[in-house]
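Student: So you can see what is in the structure, the chains are spelled out below.
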Amino acid sequence: MVKMTVNGVERTHEGDPSMPLLWFLRDEAQLTGTKYGCGMSLCGACTVHMDGQAVRSCTMPVAAVAGKAITTIEGVGTDKVGKAVQTAWREHDVVQCGYCQSGQIMSAIALLQSNATPSDADIDTAMNGNVCRCATYVRIRSAIHSAARALKA
Amino acid sequence: MYLTRRFAAQPLLPAGLLPAPVPLSRRGFLQGAGGLVLGVSFMPLAAADDPAIPGDAGSGVAPETTIEPQAFVHIGTDGRVTVYAKHLEMGQGSYTGLATLVAEELDADWSQVRVEGAPADAKRYANTLLGVQGTGGSTAMANAHRQMREAGAAARAMLVAAAAQRWGVPAGQITVDNGRVLHAPSKHNVGFGELAEDAAKQPVPRTLTLKTPDAFRLIGKTTPRRVDSAGKTDGSAQFTQDVQLPDMLVAVVAHPPRFGATPKSFDAAKAKAIDGVVDVLEYEGGHGRFGGVAVLSRNTWIAKQGRDALTVEWDESKAMKDGSDALMARFRTLADSAGTVARQSGDADAALAKADKRIEADYEFPYLAHASMEPMNCVVSLGERSCEIWNGEQFQTIDQAGAAALLGLQPEQVVIHQLYAGGSFGRRANPHADFVLEAVSIAKAARKQGHKGPVKLVWTREEDTRAGYYRPMALHRVRAAIGKDGRPAAWHHRVVTESIMAGTPFAEFGIRDGIDSSSLEGVIEPYEIPNLYLDLHSPDTGVPVQWWRSVGHTHTGYVTEVVVDELAYAAGQDPVAYRRKLLKDHPRHLAVLELAAAKAGWDTPLKAAAGEKRGRGVAVVKSFNSYVAEVAEVTVKADGSLKVDRVVCAVDCGLAINPDVIRAQMEGGIGFGLAAMLHSQVTLKDGVVEQSNFHNYPMLRIGEMPQVEVHIVASAEPPTGVGEPGTPPLAPAVANAIFAATAKRIRRLPLGDQLKA
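If you're matching them up, the sequences are chains C and H in order.
Take 1 as the starting number for the first sequence in UniProt numbering and just add one per residue.
Take 1 as the starting number for the second sequence in UniProt numbering and just add one per residue.
Bound conformation, chain H alone (with noise of 0.2 Å):
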């Protein structure tokens, strides 16, 4: 999803919907000896104003607030460190994330250390760069890095207290190791667990020690394993999915076939008759969600049976009726007219009439929907004065204050259980929180028919299909030339695209001047053009669109990629060589581009059979603060169709913290990118989506993965993403190698056919 370091620790929601953030005050570092010394925090600064990773003692001052080492960090008297998670966990790999920071400070022993998904709780466990508790933007590890080490730092210094006065020894000659606190002198030597409920009885330390980099054990090590791979290959790892409660009703509904329309009648006679099926239902719909019918049964099937046996009447009077043909062709007519300008320097127009050599063309995308595994899904269970909810919950206190005005308590009333989440990719951060808050209103409407026991509503995976929140269709018109020495000399650029946030709670913060950031984000960066014009033309279709992984950058980062090697081959130069003098003031860039080629072997010439073509492209993108370059080794058969052989990825994402789980995120953001341009796309009919299943919307399967290498830029940067900047240079890395192989550009995804033809 989408962020950007302009918003740090500003509250995304307007005043009232949330508690405020905890106000920062500010004061200097007090000094100690043995390594940097930090005033302890409980919120940590946000990452604008981050003075790096401690070890990096000379600049930053920390915010005087108190620790709460508890909120984070649990030790049993049984010697297990427990680590509350107050990010979700939808493959990203922050459990594993968050459990290291902690577990290094604390120094714990890796194999006593579990993950539990923490409460919503907006004043406890925001994401500091979010300013609501959620996980998006690839900011789990940027904005609670020293929090987590903070906390776990704190926890030791509890132990060490503790085992200073059970022994009557200064706690500076105590040591900790891998989960046992020693006195060397006196031979003392014990668990955790047996110091455990003495430490809790002591202060929480005003200052901290955190550790310099050197004195690592954890962190940039891959010793620690994910800490869910035990549950997620024995088949116990808890899902929404898998929620089983007494006296819960399985909820599987009838969403109307277009957005906008509402149930007008419906006969349930059918419905009622089968066997097994409790009660059929009407609930309202609302901002940004369905309302629809409802069928309830102890079993997801016969629900199921029960909502294919419904015959529902809709109004359609306000139902959006476009095709997704005629809304490209409406943006293409947009496209001839100037829209809202966000950037501009020269004269692009007058250096393009004057250009000798000059390209032109439009790129096309559409909708994509996000097709995570899990379909979307929640459990609700309603009281007098109370809601609890069961969910894989990416925006806890968005979901958390939704429910709550929807139900008129107060956002504590509302408890969340935060569970695994089977995949989201933006899909569960919904601002309207859509299918939660549709969950709430049928567990609303069954109260009221007398079912008070909790409700599961299940989407089926043609509701996850259908229901909307896709990333928008975009098209980008560009203009670009090159001037005499090669370099490009202007650069016209126009994007349509709906914007995600308008009439959203982040509408306030992401759309400034008219131009949703999201919709333009990296757009031809980091690229400096000395005649630039971009302008944003944002119609708004009725089609529902939301963040979906790495967000703007999916068509932007394509198209600069891809009109940067339009103009390398423009001005005959290497697409690498180009880049590279392009980039020269852009050393993170430049690193990660040199890496990706060197490892490659991108001055090697690819050998193809008879009868095939094979082609080597490049792409280079800064997304979420990462910095990642792609090679792709693409082959084209005679009969046009494609394989993408091999993927060389380089990544810069300041400090690693887990380097196996970034490499997995490359890998898995390469699958997910290739899905995209090989295959994905939803359209409409006449407002009716198309697509239903995997069927028509078809997954990337493991016989069209690439071999994929990873390669990880050694850095002491503070730590930024990696679930999303693998996405976006993976398509114009495969393009550019496509164009290597038949001279043929794609500037319309997906690829489908077009190598056929």
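Looking at chain C on its own, in the form it has when it is part of the complex (with noise of 0.2 Å):
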């Protein structure tokens, strides 16, 4: 049986617990937020926060998730930082199909935890691990730079 705590909320799992976190949240906590993309950490659209640190869902087993806690996408909208990057993206309307958006915004906002002013080859380097086959690359960069001004306004 392992414990943790998703967005704040005690969750049990008491399956195989080398179960990838990603099937977790998304088969068992029923948040679907958080997507599958590649299941070999490659792309990025399973990103979720463990402790504060952005992770690959798909090859982090639940195991090692014991006693942490777990931010997904449906969870970051109450803090300040992740409440920033949603508006910006929001605001330059980042989107296109979506998919890989989640896992965007998670890499995003863990960008802007640890360096609230990234420049461009900071914010390429902390995002490299995420893919967008819609290229929505340009705007990932302005709403980055858009929240961290919000942040710093």
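Everything labelled a hint here was simulated from the structure, so no lab data went into it.
Treat the hints with caution; some may be incorrect.
Here are the simulated EDC-like cross-link-like pairs (lysine to aspartate or glutamate), alpha carbons at most 16 Å apart as the crow flies [said to hold, decoys possible]:
id, chain 1, residue 1, chain 2, residue 2
1, H, Lys484, H, Glu282
2, H, Lys304, C, Asp16
3, H, Lys448, H, Asp234
4, H, Lys744, H, Glu360
5, H, Lys444, H, Glu284
6, H, Lys637, H, Glu508
7, H, Lys272, H, Glu284
8, H, Lys643, C, Asp16
9, H, Lys211, H, Asp234
10, C, Lys80, H, Asp234
11, C, Lys3, C, Glu14
12, C, Lys83, H, Asp279
Reference listing, derived: stretches of chain C covered by chain H, where coverage requires no fewer than 3 residues with Cβ under 8 Å from a Cβ of chain H [to be verified]:
id, region
13, 9-15
14, 47-55
15, 70-82
16, 106-118
17, 138-148
Listed next, with one range per pair, are the computed distances between beta-carbon atoms [stated by the list, open to error]:
id, chain 1, residue 1, chain 2, residue 2, range
18, H, Gln449, C, Lys80, 47 to 53 Å
19, H, Val688, C, Gln30, 43 to 49 Å
20, H, Val204, C, Asp51, 46 to 52 Å
21, C, Lys83, H, Lys607, 41 to 47 Å
22, H, Gln410, C, Lys83, 45 to 51 Å
23, H, Gly703, C, Lys83, 40 to 46 Å
24, C, Thr78, H, Gln165, 46 to 52 Å
25, C, Thr78, H, Gln754, 49 to 55 Å
26, C, Thr78, H, Glu412, 41 to 47 Å
27, C, Ser142, H, Lys607, 24 to 30 Å
28, H, Lys581, C, Ser142, 36 to 42 Å
29, C, Gln53, H, Lys581, 30 to 36 Å
30, C, Asp79, H, Asp686, 49 to 55 Å
31, H, Val688, C, Pro17, 30 to 36 Å
These numbers come from a predicted model, not from an experiment.
Think of the CB as a built atom: it goes at the ideal place given N, C-alpha and C, for glycine as much as any other residue.
Quick one: dock chain against chain with the hints and give me the complex.
Tutor: Listed below in structure tokens is the structure:
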């Protein structure tokens, strides 16, 4: 049995502890905002926060999150940085198909929490693990800068 | 996907498979004061006959059919306006575009507008340019712009009529503004919601006045924001992958390793031993789709564990076992002999023989996977005589007809719930409805085993990469020459590529005289060549192929624009100046070329750092009736690594409905084209696809994304598409920039390590 909190709520997983966190979130906890893209930590669509760090949930066994605090896209709206990033995403109309965007936003929040004023190069480095097949990258850069400005104001 | 105007309004499926489209009778305009008055239409005219946007009162006729605004727009008593989108939202902004058109004529409050996917209905929701309900060929705005505006205008007129009746005032004194209905003299001022019930009882108007462009509040403005932004930034947007239904089982499948193989036998003991695996079953394949073995569980990961534990023996007696190298070698051999002639004028061979300056080259293009972020999937729930499907549907009525045929039902008995698609790039518009029917086939087999709940088919990334339906491989063999004046004098062009439409319901209209027009679309165009020869070989390789964002233009645009660049250099002329001369009678091509070149600062030399080479290249391609020019700037480092620094894009897509969506589609189309240019190829070894996931089928990442500037040509022409046209010019513009920097011509895609050799 594995216990963790997800978006502040205590959760328990009683099945196979080697199941990746992604599938616990999606199929057991019914939190489907976190997406399956590759299953190999190659695309970042499954990015969530574990104790504030961005991690790929598709390769993270549930056993490894015992006692940890998990935050998913459904839980970031109440956080100051999370809200600023979501707002910037909407102001720039970043999304196209939208499937990767939960992961993009989770990576962007983690970036801004560790670097309040990232340069384009910082953004490219921090976001390089998140694939967007629609190539919304130009707007991802702009939206992260916007969120950074909004948080400083 | 593929489309040309000559298919306009013709059904693309054999009679019997789908209901015939509503016949359109025609009548002239009804005259009215204050702008254009249209006979109202439920089915708008096909674009080929479209009298341009309303406001252009001088031409055209309107069809006489019954308007049915309620099929497209609903106004609730709470004042919310719901637009029913007949097109799929797969990222291209169709929901926002359709809603903008309705809201414009309705004078709705944009913040009250939302969009729902319409159900599958071949009569109500046909794409008038495709003849089926479907989204592709960048046709959403082109086919629906008038239909949606008429629906909005009809709904507005019904609100006004209801208000006039309630207040006992003339309708002519009533105005509508931002979701409110007003009568100034009596100071009546109510929201749409208060009139909604009364408005629904009003007769649908027989005539409508549509706005002239000067009255637009939403069209052409940047104010309408994407209607799907909120749900796609808080995780609430529903994709097929996210569907959760009571008693639902997830199916993860074992596909044969080679195209054309079928299951011979399988051992499910290990799979069934896994806690949580509910069942393992074989399901039938069929035309254009796999049969295989499915593992069912309530949990996707457990189903995948079960699938990985299967031992399946495959019958490979009919399987395709070629490698892609052998296939390309076969293409080269084919190119030694004449194909089916597509165009011929003058005497290309004779002109080439006597030319002083000629170029001669092969251009090679690999198979490409669509690789949308959401791997293919589909949810199916079967009843005794019913079928419900949840899916991001790109070909609603083809999928509906296919499911009905497989189940022995009538199409109307197959109910389709439209969801967002996590990308498609053509993949979800499969003429054989492959993965949709696979899901139906699994649900059918599951039901036989007593599993009556819904089934969600989930492909892993590996299945998505390996299950075929690729952009076809292509070989172009070109010989071209310039005359003494430097202009192209002769052009001999042979294309070898698989037909996308052969063996599909689209063949009847898409293949004429042995030529699949999607194999050759755009090639050599719009350049006029006095001595021209074009022919085509369409070998059948056994590899499933399909349209892929911008279809034939992905290779025809590349070859045409690289060859023209070669000719410009052969003539000793600047590539922009050379094209300017050749395009002088093509004003829309010329306008985007000039705009892109000017905004890019074409005449200002690029500065290169020590040890680096920089270059600028241009390409201009018309596709899907939109005109796009792109100028790329590249840096090639001493080690041969390439960086595309900047792309300046100019687009003419007729009336710009949502300029910001257009910009976004150009940006995305450029990134999509760059991924193919730099990295993408699907290769086969002994019939087995070698790529499986993003480590060996790499995507473009943010660090590779250039700066992009998009400039939109102001236009009052009817709107055309933007989903695809941004992609074709990118690769040739980059290739031409590489040549400008390094004097090396790139004749084989992807680029890979070619600059490092």
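Student: Does each hint hold? Answer for all of them.
Tutor: Here's how the hints hold up against the structure:
no.	hint	verdict
1	H:Lys484 <-> H:Glu282	68 Å, violated
2	H:Lys304 <-> C:Asp16	13 Å, holds
3	H:Lys448 <-> H:Asp234	39 Å, violated
4	H:Lys744 <-> H:Glu360	15 Å, holds
5	H:Lys444 <-> H:Glu284	9 Å, holds
6	H:Lys637 <-> H:Glu508	50 Å, violated
7	H:Lys272 <-> H:Glu284	20 Å, violated
8	H:Lys643 <-> C:Asp16	45 Å, violated
9	H:Lys211 <-> H:Asp234	36 Å, violated
10	C:Lys80 <-> H:Asp234	14 Å, holds
11	C:Lys3 <-> C:Glu14	9 Å, holds
12	C:Lys83 <-> H:Asp279	43 Å, violated
13	9-15	violated (count 1)
14	47-55	violated (count 0)
15	70-82	holds (count 4)
16	106-118	violated (count 0)
17	138-148	holds (count 4)
18	H:Gln449 <-> C:Lys80: 47 to 53 Å	52 Å, holds
19	H:Val688 <-> C:Gln30: 43 to 49 Å	37 Å, violated
20	H:Val204 <-> C:Asp51: 46 to 52 Å	59 Å, violated
21	C:Lys83 <-> H:Lys607: 41 to 47 Å	42 Å, holds
22	H:Gln410 <-> C:Lys83: 45 to 51 Å	49 Å, holds
23	H:Gly703 <-> C:Lys83: 40 to 46 Å	27 Å, violated
24	C:Thr78 <-> H:Gln165: 46 to 52 Å	48 Å, holds
25	C:Thr78 <-> H:Gln754: 49 to 55 Å	50 Å, holds
26	C:Thr78 <-> H:Glu412: 41 to 47 Å	46 Å, holds
27	C:Ser142 <-> H:Lys607: 24 to 30 Å	26 Å, holds
28	H:Lys581 <-> C:Ser142: 36 to 42 Å	38 Å, holds
29	C:Gln53 <-> H:Lys581: 30 to 36 Å	59 Å, violated
30	C:Asp79 <-> H:Asp686: 49 to 55 Å	52 Å, holds
31	H:Val688 <-> C:Pro17: 30 to 36 Å	34 Å, holds
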